[in-house]
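**Q** Construct the entire structure; sequences and hints are all you get.
Below, each chain spelled out in residue letters.
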Amino acid sequence: MANPTTNFGWVMPTSTSLVTNLPADFNTFGQGVDTSMAQLKGGSTGQVLSKTSATDMAFTWVTPTDQTPLTTKGDLFTFTTVDARLAVGNNGETLVADSSTSTGLRYQATTAAGKNAIINGGMDVWQRGTSGTTRGYNSADRYYLNNPSVAGRTYSRQASDLTGFQYFMRMQRTAGSTLTDGFNVSYSLESADSYRFAGQTVTLSWYMRKGATYSGAALRGGLSYGTGTDQNIDNTYTGATSIVSFSQTPTTSWVRYSITGTVSSSATEMAFTLVWDPSGTAGATDYLDLTGFQLEIGSVATQFMRTGGNIQGETSACQRYYVRLGANSGAVAGAYSTYGNGYSTSTTDASIVIPLPTTMRVAPTVCEFSNVAIQDFNTAVIAVSNVTINSAFVSPTAAVVAATTSGATAFRGCKLSNNNNTAGYV
Amino acid sequence: MTMDNVTFVTDEQGVEHAIIDRGNGEYTSMQKTTYEAQQAQAEHFTPIVTSDE
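Going down the list, the protein sequences come from chains A and B. Read in our numbering, the first sequence has 313 at position 313, and its numbers run on one by one without any break. Read in our numbering, the second sequence has 52 at position 52, and its numbers run on one by one without any break.
Calculated from the structure, these hints are not laboratory results. The beta carbon of each residue, even a glycine, is placed where N, CA and C say it ideally should be. Treat the hints with care, as some may be off.
Said to hold, decoys possible - Estimated spans, in silico, between C-beta atoms of each pair: (1) B/Asp21 with A/Val255: 38 to 44 angstroms; (2) A/Asn90 with B/Asp21: 40 to 46 angstroms; (3) A/Gly164 with B/Thr34: 37 to 43 angstroms; (4) A/Ser395 with B/Gln38: 20 to 26 angstroms; (5) B/Gln38 with A/Thr379: 34 to 40 angstroms; (6) B/Thr34 with A/Thr359: 20 to 26 angstroms; (7) A/Asp161 with B/Thr34: 39 to 45 angstroms; (8) A/Thr251 with B/Gln38: 33 to 39 angstroms; (9) A/Glu190 with B/Thr34: 17 to 23 angstroms.
Said to hold, decoys possible - Some chain A residues judged to face chain B by a derived CB distance under 8 angstroms, without partners named: (10) Thr130; (11) Asn235; (12) Tyr343; (13) Thr345; (14) Asp349; (15) Thr365; (16) Val366; (17) Cys367; (18) Glu368; (19) Asn371; (20) Asn386; (21) Val387; (22) Thr388; (23) Ala392; (24) Ala402.
**A** As structure tokens, this is what we get:
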């Protein structure tokens, strides 16, 4: 062996050293070893040595970072700024990306079909017509228009330039209008569709953009719940309480917005409202475009899905609340399209049974009609002046109506049809 | 009886209905009691926008 040693230069006694010098020589040797090994002292259970520089014997004890953080069945090995554990979710939950969490991941419930509770979220169904102005359900199915100043405002269906949607709703002030009171669009879920959200974290999302001359402050509104049954947020709403509010000035490009909040476990009905407070004199493009509404359980807005799955399902879902047969129903109406059969109860009245395509929420109480007539086998078409619901016989599956005519033959069978007009409906 | 664009009629069962002429040959009918309830609601129009701010 070389003396001093090759790597550390430790000095050992030589063959010529005097015996009396050996203790001092071993002291020198031992101290050399001690000094060299000093860096290896310390540390704690589980730690490993790590180089602190390129210098020989420059070490420190560190806790290893490449050890598995997993501890429990189903854990996922993820990363924050260091390796991290993500505990498995509850049964049936799925993993979604979520940039707001430390790992960028989150388990959440109910991402399957039927996740979206907003019927007609994609603005596909407009049974009442493609444009409305007055307060009430007068444009896209299921959306309530709260427009206190009828003049100068329109809610209309527009062909969509947003990928994935056929239509959107445009809320617009007519150019030159100086009315500045707020007007809104709202959506109220019936109680049977609201119970599943009680006690849950929910997210409402939608696509929105403004016209170039959009006026006024930020759009405001939010998601609310109530404790009544099947009420309308724009009328009486028992125990109305905010779940989460919204205030945002839209841009001229489509942007998907979302709000998230937790619903009280006592909620029995839910609704959202968006209010626009315009200002000044309306320009030609003073409008707001909306589509893609989705309400789902979870804290993240997932990909938009129609609650009915397709146009047939979406139409049927809308017809639970309103059915139009004939023009604007989504199907082409003929000049004499027939809606139901019955008989003339007198020379001036006919009782007609109209089968409904979907079981309605309740038996219908309101009837809208235009350009209809009755026909029997011996008489020409007889125009109908009034169609009213017969509350004694109507049901959620069949509308029984009284049609007011003139010149019919009593007790003769007849049918209710369009009056030689494709614009007819009931 | 006529009130603006609303006509009230009584059917063969003696039930009163409101017939609302919406223009362009389009009409809406409902029981008079329903119509009056809607009118009362409209007179108390107050948009509900709850806020947690």
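**Q** Among all the numbered hints in the text so far, which are the ones the structure does not match?
**A** 2, 10 and 12
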